[in-house]
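Protein chains: 2
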Amino acid sequence: MAPSSTLTRPAPQALASTLEALAARFGNQLITSQAVREQHAHTTTWLAPQPPDAVVMAQSTEDIQDVVRICARNGVPVIPFGTGTSLEGQVNAPAGGVCIDLREMNRIIAVHSDDLDCVIEPGVTRKALNEYLRDQGLFFPIDPGADASIGGMASTRASGTNAVRYGTMRDNILALKVVRADGEIITTGTRAKKSSAGYDLTHLFVGAEGTLGIISELTIKLRGIPQTIAAAACSFDTVQGACNATIMAIQTGIPVARIELLNAAQVKACNAYSKLSLPETPLLLLEFHGSDAEVAEQSQAFGEIAKECGGGAFEWTSRPEDRTRLWQARHDAYWAVRGLRPGAQAVATDVCVPISRLAECVVETEKDMETLGLISPIVGHVGDGNFHCSLLCDVNDPEEMERAEGFLHRLVERAQAMDGTCTGEHGIGQGKQKYLVNELGPEAVEMMRTLKRAIDPQNILNPGKILPA
Amino acid sequence: MAPSSTLTRPAPQALASTLEALAARFGNQLITSQAVREQHAHTTTWLAPQPPDAVVMAQSTEDIQDVVRICARNGVPVIPFGTGTSLEGQVNAPAGGVCIDLREMNRIIAVHSDDLDCVIEPGVTRKALNEYLRDQGLFFPIDPGADASIGGMASTRASGTNAVRYGTMRDNILALKVVRADGEIITTGTRAKKSSAGYDLTHLFVGAEGTLGIISELTIKLRGIPQTIAAAACSFDTVQGACNATIMAIQTGIPVARIELLNAAQVKACNAYSKLSLPETPLLLLEFHGSDAEVAEQSQAFGEIAKECGGGAFEWTSRPEDRTRLWQARHDAYWAVRGLRPGAQAVATDVCVPISRLAECVVETEKDMETLGLISPIVGHVGDGNFHCSLLCDVNDPEEMERAEGFLHRLVERAQAMDGTCTGEHGIGQGKQKYLVNELGPEAVEMMRTLKRAIDPQNILNPGKILPA
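Quick note, the sequences are listed as chains A and B, same order. Start counting the first sequence at 2; every next residue gets the next number (our numbering). Start counting the second sequence at 2; every next residue gets the next number (our numbering).
Wrong hints could be hidden among the right ones.
Chain copies aren't distinguished; within one or between two, either way the pair holds.
[As the list claims (entries may be wrong)] Below 20 Å or equal to it, Euclidean Cα-Cα: the simulated EDC-like pairs (lysine to aspartate or glutamate) are:
1. Lys308 with Asp115
2. Lys222 with Asp420
3. Lys435 with Asp183
4. Lys222 with Asp172
5. Lys308 with Glu63
6. Lys269 with Asp398
7. Lys269 with Glu281
8. Lys276 with Glu316
9. Lys308 with Glu322
10. Lys222 with Glu371
11. Lys276 with Asp369
12. Lys368 with Asp115
13. Lys269 with Asp238
14. Lys222 with Asp148
No lab work stands behind these hints: they were computed from the structure. Only a predicted model underlies this, so the values are computations on that prediction, with no experimental measurement involved.
Okay, chain A solo, but in the shape it has when bound (with noise of 0.2 Å):
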């Protein structure tokens, strides 16, 4: 699908002036290669590549600066890149422009262990940071599944299977160094753990997409490496039974680290992957985090509710090795669904119900698979009423996408409908824009151009995303 956009892209002039003057500036930090173009539009998205017209390998704030002034001076757009591995179309390049790649400034500048924080640079990536954080005893719980860079996971407000014991990145960060629209720096916090000092900087870049400015440099928050890791597992005869013991686990505030749900489907997926017997029926696997006696008390907690709620055997283990194994279908679960149609690309996507509807949106999702031919198990993050389906489509078939886009729409106003929202962590980009003005109405997004043009009033910050045309 190529999105619709009225972006027009630089003069040719502006344009080559622009990289004349980064070329003096950037020397071979400057890339124009076709190959190199493509790579940073052909990311992890369904959505149509649209490569920059230059690549520049930033090593350290100044350079992002530097990038920014230049390309202002001429309008040129800039486009901030992680790891490329967002799902909406967050780093295309609709209008052209320079991709600032970022995967190089990864250097992790302090570790204040006493105050469980650390101040890192935005290529940093999630597994590099706790394997550094390990000796140490720390590590940061944001866990979106892809080993992508936390200047990334900031900008799209990335969550994943931890968020329901320790939030989102929304929750994780203190503070963050943006360079401006005009090349300035701006400080958003300090390490105090709560402030109430002015208007909240933080939150405005959280979830921005790099298109009110380019984080430099975050503050982010540390948890000590719980002394027990738990595992558990319990099948269910419906959606609706595994619901329920997680609505019961949560209110009577078992503090759960993770809760997954994988539909019938999935399952059955996973067993013809991973060589597994599982029930093919609804299954709920949890992690527990705590010291010895708390991970034994919340396991056996959850088993009683989920016996409650018409859940089958319960095992639970804190084993590393029976952990493993139990956990195996979810860590196989991708490669389980790639498997069910060898070749066909797969159409991310994912809504967030209140968990008191998500029986209801993931049944009649499933129904809505079953009418269309579509296939896609099913994968939550239940604690929080957010789930994903990965279409498996032929992207060259018109109609078979048709189905497909259909399916999106309805999936989306679906969980509009519930109270929902129409992107619980993989952020709006270019796929999702049309949703908004449905989801909050047209003054809050009246509200969101306000502040984009306020704060860039040029466009140049990786324009096309968000915001509808």
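Based on these hints, arrange chain B on the given structure of chain A.
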């Protein structure tokens, strides 16, 4: 102290025609008596009162919209008012204008117990809400001490004793309805527990002190009332010892619900006031929430940490009457302080620093007070690095007030030099505007001004707050 301001009052004719239009629309909901106007400026702050020209008792969102529209026509300021318990002059009317009193907008619109959220009007107070929720086994955890309105707590980004476990107002709001400067209504979110759909408008208004819009409805997160609550107390020889114990407790992941520090002067005041016989050294008071087994384990784990950090006798209990006895000193802290100098006014302030710097900050602050001959015991939400001074002052003695202001100034500078903030939970209001630039830099404050100008171009929404003149 009269806050400096370059604000000008509206022209008398503009004000007169505004009041005329308001009288026609609102009848006896409009009050212009001097007594009532003064009540809306005489709040818990020590800053000089600046009454509005009139007060409208709003009953509905439409009322708020109509006040804003009528005032906008003539450029007359609008000041939202909850319970008047803010501490930095947030409800003063430095340029006159119309106060919108929201206390009668106190309906609980919906409680969604399965989703752990509820929808309320801004005038609902936290105690009223918790009383309403109790039968359903739910509670709203933010407790700033005063029985503030939840709209006001959102506007000042309030927090308090429970924040170490449950977060601040920032972390507990799902969505807002806000009346814009032109009277239109914005919806900032849905009831989904997380979303990455566009700019974070919710957090733009949380902590904005009514300067960007007036909150007319809130969707907030609730929690299940814990099965068991345990209290604990432990004296330490030094503030450093108490802080080290706190750091270790948080690092090892003990989910303390409250952890409060009383310095030696505060304990001494409490002994005198409440006839206690606590050792007159720094005291930590804690609360644990969970199952019987959990709170027992948490209490014991903390007891061991306290011992390791040089704590004295450690006492814990989950029996309600014993909990009250253990926490007696904290419950009476405010009145114990007032008892130290009957008739004096309390000049209340707060700062927040990274927890690793807390002991140093408290000790230096104690020395400063001693040198100046000022009286102010210290109470701290020590798990967050946040602490409070309530200087007992004769506000009519200019020399004493000068000393007090010098102290406040150094306290903020000290906290900021330690990478902390000038206010953890009281907000900026009028009293702390002069500290914003030092904390975040001129570029960040410039961006706050850009936001304010874009959203409220006439500067009618609570003018003279947050942004330095």
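Could you place Lys269 and Asp238 in one of the four classes (within, between, both, neither) given a Cα distance threshold of 20 Å? within (14 Å within a copy, 62 Å between copies)
Tell me, please, which holds for Lys276 and Glu316 at an alpha-carbon limit of 20 Å: within, between, both or neither? The answer is within: 19 Å in one copy meets 20 Å, while 54 Å across copies does not.
One pair to classify: Lys222 and Asp172, alpha carbons no more than 20 Å apart. Within, between, both, or neither? Both: 9 Å inside a copy, 14 Å across copies.
Treating 20 Å as the Cα threshold, decide for Lys269 and Asp398: within, between, both or neither. The answer is neither: 26 Å in one copy and 79 Å across copies each exceed 20 Å.
Given identical chains, is Lys308 near Glu322, meaning Cα to Cα at most 20 Å, within a copy, between copies, both, or neither? neither (25 Å within a copy, 36 Å between copies)
Up to 20 Å between alpha-carbons, please classify Lys222 paired with Glu371: within, between, both or neither. neither (43 Å within a copy, 35 Å between copies)
Given identical chains, is Lys222 near Asp420, meaning Cα to Cα at most 20 Å, within a copy, between copies, both, or neither? between (30 Å within a copy, 15 Å between copies)
Homomeric proximity label, Lys435 with Asp183: Cα distance no greater than 20 Å: Classified as neither; 29 Å inside a copy, 26 Å across copies.
At most 20 Å between CA atoms: does that hold for Lys269 and Glu281 within a copy, between copies, both, or neither? within (6 Å within a copy, 66 Å between copies)
Measure nothing new, just compare the shortest in-copy and cross-copy C-alpha distances for Lys276 and Asp369 to 20 Å and report within, between, both or neither. neither (28 Å within a copy, 70 Å between copies)
Should Lys308 paired with Asp115 be assigned to within, between, both, or neither, using CA atoms and 20 Å as the limit? This pair counts as between: shortest inter-copy Cα distance 19 Å, intra-copy 41 Å.
Copy assignment of Lys368 with Asp115, given that the CA separation must stay at most 20 Å: For Lys368 and Asp115, neither the intra-copy (51 Å) nor the inter-copy (25 Å) Cα distance is at most 20 Å.
Hints 3, 5, 6, 9, 10, 11 and 12 from the list above are not met by this structure, while the remaining hints are.
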